[in-house]
Amino acid sequence: MKDLNLKFKNTAGKSTHLKLRFVSQNLTKEVVQAAMQEVIAAGLIVDKFGNPVHVKAVSAHYVETVSTPIFDEEPATPTV
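Residues in the sequence shown are numbered from 1 upward in steps of one, following full-length UniProt numbering.
Because the hints were derived from the structure by calculation, they are not lab data. Please note that a few of the clues may not be correct.
Claimed, not checked - Calculated cross-link-like contacts (lysine-lysine; reagent style DSBU-like; alpha-carbon spacing at most 35 Å): (1) K56 - K29; (2) K29 - K2; (3) K56 - K9; (4) K56 - K14; (5) K29 - K7.
Claimed, not checked - Label pairs and their computed distance ranges (CB to CB): (6) E73 - Q33: 17 to 25 Å; (7) A42 - A76: 39 to 47 Å; (8) L27 - G50: 26 to 34 Å.
Even glycine gets a Cβ: it sits at the ideal position worked out from N, Cα and C.
Start from the sequences, fold in the hints, and give me the full structure.
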């Protein structure tokens, strides 16, 4: 599974990230940039002082995590 990692800058110029799971795997640059601008414009995420956390869109990446089991003693769960 791939996650979408959105990187923003905050009011202090520091990097902030928003990680989204269960996203479309074929998003275009234009669609993602527009969505990031909507996140910024909405101002829903703020710090403890009420300042917006995301003020500038910087980048977006799909991140794929690979799990390699070493051992697993948990019984298998039956599929329904």
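Query raised in the report: So which hints don't hold here, by number, going up?
Result: 6
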